[in-house]
Amino acid sequence: MRFLDSLATLGVRRAVLTASDGLVIESVGSGAPPAELLAAELASLRRSMQRLAEGLGGGIRRFTLATEECEVLVVVVGEYCLGAVVERGGDRRAVGAELSRLANRLFEQL
Amino acid sequence: MVQEVLSELQAVRGVLGSALVAEDGFIVESQRAANAPDVDFLGGAAATALASAKALSQEINRGEVEEVMVEYPEGPLLLVPLEGGYLLVVLLESVQSLGRARFQLKKSIPRLKQALV
Numbered sequence: 001m002r003f004l005d006s007l008a009t010l011g012v013r014r015a016v017l018t019a020s021d022g023l024v025i026e027s028v029g030s031g032a033p034p035a036e037l038l039a040a041e042l043a044s045l046r047r048s049m050q051r052l053a054e055g056l057g058g059g060i061r062r063f064t065l066a067t068e069e070c071e072v073l074v075v076v077v078g079e080y081c082l083g084a085v086v087e088r089g090g091d092r093r094a095v096g097a098e099l100s101r102l103a104n105r106l107f108e109q110l
Numbered sequence: 001m002v003q004e005v006l007s008e009l010q011a012v013r014g015v016l017g018s019a020l021v022a023e024d025g026f027i028v029e030s031q032r033a034a035n036a037p038d039v040d041f042l043g044g045a046a047a048t049a050l051a052s053a054k055a056l057s058q059e060i061n062r063g064e065v066e067e068v069m070v071e072y073p074e075g076p077l078l079l080v081p082l083e084g085g086y087l088l089v090v091l092l093e094s095v096q097s098l099g100r101a102r103f104q105l106k107k108s109i110p111r112l113k114q115a116l117v
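First to last, the sequence lines map onto chains A and B.
In terms of the numbering used here, the first sequence opens at residue 1 and continues consecutively.
In terms of the numbering used here, the second sequence opens at residue 1 and continues consecutively.
Source of the hints: derived by calculation from the structure; they are not laboratory data.
This structure is a prediction, so every number in the text was calculated from the model and none was measured.
A few of these clues could be false.
Some but not every residue of chain A turned toward chain B, in silico, with C-beta under 10 Å [what the hints assert, rightly or not]:
1. R2
2. D5
3. E41
4. L42
5. L52
6. E54
7. G55
8. G58
9. E68
10. L102
11. R105
Not the full set, but computed from the structure, chain A residues with beta-carbon under 8 Å of chain B [stated by the list, open to error]:
12. L10
13. I25
14. T64
15. T67
16. E69
17. L106
18. F107
19. L110
Just so it is clear, CB atoms sit at the ideal spot from N, CA and C, and this is done for glycine as well.
Chain A extracted, bound-state conformation (with noise of 0.2 Å):
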C-alpha cells in the first residue's frame, strides 16, 4: 500500500506529498489539478509561509486555504508538505485527521 492511499478512500480530490522543490514525491486522486502543478504550487506557497513565520519568530505546522469551491489542507513536516484537496461538502475534518496521521508517519520515518 502507497503512503497516501487512506486519503483516496476520503473522498479527497486531489493529494501529494513534495519537497521544498516542489517536485512529487507520491500523489493520488484524478483529473483536475494535475498533481505535478499542485505540489510545485505547494512548495511556493509554503515558502511564502515560512517568510510569515519567520516575521512570528516560528515555523509553519500547517496551512489551510479555503477558496468558493475547495479546500486545500496542507501539512508540513519538516521540508515536506503534505497536502491535499477537498470539495465542499467533502469531510475536510476526517482528511485533516488523516494529514496530521500520515505527517507522524513520516515524522517518524524521517
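Given chain A's structure and the hints, the job is docking chain B onto it.
Coordinates of chain B only, in the frame set by chain A:
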C-alpha cells in the same frame, strides 16, 4: 469604522491582534493585545502569502480565495482578502479560538468591505 470593527474583533477571546493591510503590504490600521506579537511588521509577508494563495487558487481553477489559515507553534494566523486588494490579518492565541474568531469575522468582514468601497 475600520478601527471600530478591529476593536470588536479584538474583544473576542483568543484574538491577539488584527490588522487591515493594503495590497502593497502597508498597514492601514492595527490593534493588538498588550502581550501579543507586533502585527505591524507582518504586512508585507502577509500580502505576499495571500498573493501566493490566490495564484494557487487560480492555477487549480477552484474559485476565489475566501480565507487562508496558517498554524504556527505560537498560534494560528488568518488572512482574509477584502475589497480593492486589502486584506485582514488576525493573529489568534490557539486553534481553540478559531471558531469564535470565524463567527465574529462573518459579521466583521461585510462591514469592512463596505468601509473599503
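| said: Of the numbered hints stated earlier in the document, which are not met by this structure? | reply: Structure breaks hints 1, 2, 10, 11, 12, 13, 17, 18 and 19.
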